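Asks: These are the residues of each chain, in order.
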Amino acid sequence: MLEFFSNPLNQICYLPLLGALVIIFFVKSEQTRAIKIIATVTAGLDFFISVPLWFRYLPEGEQFQFLYEAKWIPAIGAQYIFGVDGISVLLILLTTLLGFISVYSSFTAITHREKEYYVFLLVLQTGMLGVFMALDFVLFYVFWEVMLVPMYFLIGVWGGPRKLYAAIKFFLYTLVGSVLMLVGILALYFYNSSGLAAIGLPGLGHDPTFDVRVLFQIGPGIPHGLQFWVFLAFFVGFAIKVPMFPFHTWLPDAHVEAPTAGSVILAGVLLKMGTYGFIRFSLPLLPHATREAVWWMVGLSIIGIIYGALVAMAQKDMKKLVAYSSVSHLGFVMLGMFALNPHGLSGSVLQMINHGLSTGALFLLVGIVYERRHTRMIADYGGLAKVMPIYAMMFMIITMASIGLPTLNGFIGELTILVGAFNRSVWWAVFAATGIVLGAAYMLWMYQRVFFGELTHEENKTLKDVNLREQWTLIPLIVLCFWIGLYPKPFFRILQPSIERVVRVVDPDYLEGRAMAALPSLPAAPANAPAAEGHSGEAGVEHGGGQ
Amino acid sequence: MNMDLRADLLALLPELTLTAGALVVLLAGVGGGGRRHGGLAVTALASVGLTAIALKIAVDVSEAGRLFFSGMFVLDPFAVFFKVLFLLTAALAPLLSRDYLERHDYRPGEYHSLVLFATVGMMVMASGTNLASIYVGLELMALSTYVLAGYFRREVKSHEAASKYFVLGALSSGVLVYGLSLLFGELGSLDLAAMAAALGGAERTPTLLTGMALLACGFLFKVAAVPFHMWTPDVYEGAPTPITAFLSVGPKAAAFAIFLRVFLGGLEGLTPYWVWLVGGSAALTMIWGNLAALTQDNVKRMLAYSSIAHAGYALLGLLAGSELGVQSVLFYMLVYLVSNLGAFGFVILLESRGYAGETVADYAGLARRQPLAAFGMLVFLLSLGGIPPTAGFMGKLYVFAAAVNAGFVWLVVVAVVMSAVSLYYYLRIAMQMYLREGQEGEGAEVLAAPWTARAIGVCGVFVGIIGVYPAPFAAAARTTAALIGVTLP
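Protein sequences, first through last, are from chains C and W. In terms of this note's numbering, the first sequence has 410 at position 410, counting the first letter as 1, and numbering is strictly consecutive. In terms of this note's numbering, the second sequence has 313 at position 313, counting the first letter as 1, and numbering is strictly consecutive.
Derived by calculation from the structure, the hints in this document are not laboratory data. Computed from a predicted model, the values in this text were never measured in an experiment. Mixed in with the good hints, there may be bad ones.
Just some of the chain C residues that point at chain W, by a computed CB distance under 8 Å [to be verified]: (1) Val-138; (2) Leu-182; (3) Leu-186.
We put the beta carbon where it would ideally sit given N, CA and C, even for glycine.
Let the hints inform the model, and build the full structure from the sequences given.
Replies: In structure tokens:
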């Protein structure tokens, strides 16, 4: 037991749960002050103890560090394995930071059933952290589903007018995806051990295990047909979470109806779980299927980028606008990832962080005026810069971060992704750049309508500027935006070895300088994609039948 | 011979003990003692406890792998696992019923003794290695449960439930007997081992296959699989709620026990023929059970359809057929038992307005008034829906794993999609409890029923422990499966 809690990952993961238990058992519902203090202290402490990961993680060291392994369900070979690499370290830090911020940004926004609210928020935190730490598929899946329940309640109890609809839609949509992923996991598991008897697929005869590290070893050797089906199953699970273009419809509902902190967590962390799933599992485990799917994935990403931006432009509701901008930004992340080269991938991970910071901050900002005016309609504002100068300034910085102005984080992320995409195909970069232009258009247009011009609404004349607590919810995010924008090197340093490991599996030729020839350079007929190496006819056929 | 009889009786010791206990409860319930609710429930509970001890003795002294009563009866770990399940059910039933019977003012004597008799029947079923002994156990269980379904004689719904259950149950028993008589005609024996041996050389005649199909239909009837499920919602709705809880787990698990033993034991040679029959039924069961549950406003009917759906998931393990498959069904039955009894426990607690207070709307705002009760119900619902970290997820994981391993990937895809659908109706209740405020005077109060609460507590502990650390429970099901009385591939 002592050993269990001496591992930093276990400490980070379960501290929020401990805080939740303390609130459940030792605090009465009426003592809202005590509840807020305990929740804030727990979340703050969690962030505090997660910071050393940044310093103690050795990028050049082992692939996974701070490992904790224990027996769990020996009968089926499921183990309790926690461990992190560069990608998960950054996402864990993002999670603990946003978790902390969302707790103390809720003090005035949540005015009823506070006890349950903070309990759910803390449990959600544990679930999300577990997802980024688990290195066993069953454990991963457990955490992946555990966070659905608190999120369901956060939307359903404290959400907006259509909260019930949004909550159930969020839950079912993501659940359908994840249960299909479970089938894929089982297929991999049996391929590694006893095989899938009835469809004539012999197994490798290894000891049954869900250990991701072991499965990585067999990844490249998995038959192409199986790779395709497993990729498809994972794709459904992850793509719904991201959300990629045709699966995005739950997102605007959930984002708009969720309370501010819920939106921050949703946009900041939950969506990253999908992209994390791709980069952690799909790419290194199923390299062949990944290469085969590149054109489909890139196609969907580009549609997502442009469609998300266009729909965002048409929104009258600020929160909805930000929600659709997420679809667009996540399209960027996916595009960079499926460029399958170090630039694209590291830009993609960095852009996950950037999106978490800037979109999280945007939701906080929208929440601040919503609390004062109880409306999110752009038309209800105008000229706010006159009454709320500090607010206007902060909003401006975050807007610029979001649209990728140099010296801010978005620029670095988008630039790296564009370099990666350009490396594969000029056209990818061209489409992506169009998305950036559209992004600048809708963000600046919204900014202009909300902050400039005359104060047209009487109610807005008395609006108070942001108070100290609200400022402090935003300052850490703004500082980070500048840090990444001005000096991103430490982030890339942490990511580099982990990213290279992925590239080495998914496109081994790239690192040896045979880049351009390696990946399908086939603008004309994606369906007949000749990929890097080792092609069987069956794989080509299945590729055509994908999606 | 004398030694044989002694060994036979020792192996039967648990059943004998429970029969004696049932008779004691029956006699004690006659006359003036008939209103002593607490005393009779405790007596029933004590006889279940004694039976557990007797089971331990019987297992310890009996020769491993031996058949008793001229090959009619076996005490292998497979049977023991199911007997433990039945005893758990039988122990929880008096706890769930005690306050309920007192509230509705029905005599507890016959009630508890019938529950125990039904349990004896189920225990015989689990041990039967001959279709005749299996059938005897089945009828003892069935007859007791018909009476129990109609036990609330002042309620019309209870009458309806009993008569429907009786007519359809008798029909299914008839189908079953017809099937086994055809098999007997073709194979010359009702003994499972002898049948398996005879099947080796037998021609696959239409008579043989008809017999097999009729037997399968009879069993599908008993586990309430589509298209033989029509009786379930009406019976479950009309029967007294504690009996519904009992029916939804005990007899269902017993039916699975004989289904596994007969189809993976005696009729293993016919697998290519029954696999499509059972597979098709499993798919329909999962689809229709979950879809029909979506529209139910009565919680008991909803849980009835949900129990139909769960039978569909468990059938996947039977189809897989491997050692892992058998293990997964056993484990699933345990998981389903604790989750379902827990959920029904709350329905019992909430039945405030007589028979009718069972609608989904009765749960409105429960989380505000009774946070602990609402949280408990939520846990059971999530477990039924298979969301980690509850027992339900682990049960599904095993069943799905077994089915994927055996290559039934398409069925598993149906299963996972339908279990996502199932969350919609489970969450409907959660939504009422947590997300609706609930006006004053609306929604039911949780009644003070300490016995029922204890039973729910036991289920809750199991759901939690199995969900987080399933290893010992799964291992228990595994040793069992490895030593099933008949050889497995």
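Asks: Give a verdict on every hint.
Replies: Do the hints match the structure? See the list:
At a threshold of 8 Å, the smallest CB-CB gap from Val-138/C to chain W is about 7 Å, leaving the interface hint in force. Checking Leu-182/C against chain W by beta carbon gives a least distance of about 6 Å; that is within 8 Å, so the hint holds. Satisfaction of the interface hint for Leu-186/C is found here, the shortest Cβ-Cβ separation to chain W being roughly 4 Å, below the 8 Å cut-off.
Going down the numbered hints, you'll see the structure goes against none, and every one checks out.
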